[in-house]
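Chains as they are written, first to last, in numbering that gives the first Met the number 0: chain A, 0 to 95; chain B, 0 to 92; chain C, 0 to 112.
Just so you know, the hints here were simulated from the structure itself, not pulled from any lab data.
Short, incomplete list of chain A residues facing chain B, as computed with Cβ under 7 angstroms:
(1) 69
(2) 71
(3) 78
(4) 81
(5) 82
Simulated coverage check for chain C against chain A, where a stretch passes if three residues somewhere in it have a Cβ under 8 angstroms from a Cβ of chain A:
(6) 28-37
(7) 85-95
(8) 102-112
Glycine included, every Cβ here is placed at the ideal spot set by N, Cα and C.
In case you want the letters, here they are:
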Amino acid sequence: MLFYSFFKTLVGKEVAVELKNDVELTGKLHSVDQYLNVKLEDVQVVKKERYPQLLAVKNVFIRGSVIRFIQLPASDVDVQLLQDSCRKDNQSGKGR
Amino acid sequence: MSSSVDEPLDLIRLSLEERIYVKCRGERELRGKLHAFDRHLNMILGEVEETVTTPEIDEETDEEIIRTSRRTVEMLFVRGDVVILVSPPLRTA
Amino acid sequence: MVHRETEARGPAQPHAIMAATLEKLKDRVICVITNDGRNIVGVLKGFDQTTNIILQECHERVFSTTAGVEQVPLGLYIVRGDNIAVVGEMDEEADAALDLSSLKGDHLKPVIH
Chain A
0 MLFYSFFKTL VGKEVAVELK NDVELTGKLH SVDQYLNVKL EDVQVVKKER YPQLLAVKNV
60 FIRGSVIRFI QLPASDVDVQ LLQDSCRKDN QSGKGR
Chain B
0 MSSSVDEPLD LIRLSLEERI YVKCRGEREL RGKLHAFDRH LNMILGEVEE TVTTPEIDEE
60 TDEEIIRTSR RTVEMLFVRG DVVILVSPPL RTA
Chain C
0 MVHRETEARG PAQPHAIMAA TLEKLKDRVI CVITNDGRNI VGVLKGFDQT TNIILQECHE
60 RVFSTTAGVE QVPLGLYIVR GDNIAVVGEM DEEADAALDL SSLKGDHLKP VIH
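Full structure from sequences and hints, please.
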């Protein structure tokens, strides 16, 4: 649940999602769920001349399993808080 | 809490806030500071340098050329299922 | 958990965004990108919790770099959730404004897990 909670803090922020088919989408993070499926608003394909498939699409649902990376707005990430909750999580989560 | 290392994830926990090396699927390598991870090896890395290696065939000589491209990303979430291996920083004391 | 202050945002149940998203899109035109790189456009008629999707009057859009988009009628399709990469909400006005017959683009690569 660490990353689910973390991504919820980034709702409304601009992110870039890189998929496992090499397509990169940018947009505003609308929502996220426990599988790390994400929904983006005002989406743009980074190389839209090469991949015009989503030209008429504004909002997308992306299955978490096809995501490779998500680029995050560094200034909106509280690294200290993230690290602390990560340590806590991995302590209580031992043996699971 | 002890700092004993008896499971692989313990070693990763000890690498928090250190620069680590991550080899990913698709000939991708990442070097960055580990800010968070979970048991799926989902991770958040900071000041990431990504290296992508792609083999290309030179059409004239028919030889294979290895092309590498680099980019840096300030803050990156990495989905655990693309991770092949994680290497903690070398400790030379 | 951490970041408690934002807990109120997002779906009530942690796994509900898929259902919530698709519920809103019922009877609307959606665009599905499958894991093998195909692009299917049709009217969303139904779905279940595993993201299996019923598409009515759907067609496949085949993109190529040498010719415009070819539209292949498919009819009624059920797409298995595991093979769905992206579901896009079609802006029908924007789509109508596209000249598909002259639109060129690369095939999407398959998703490699």
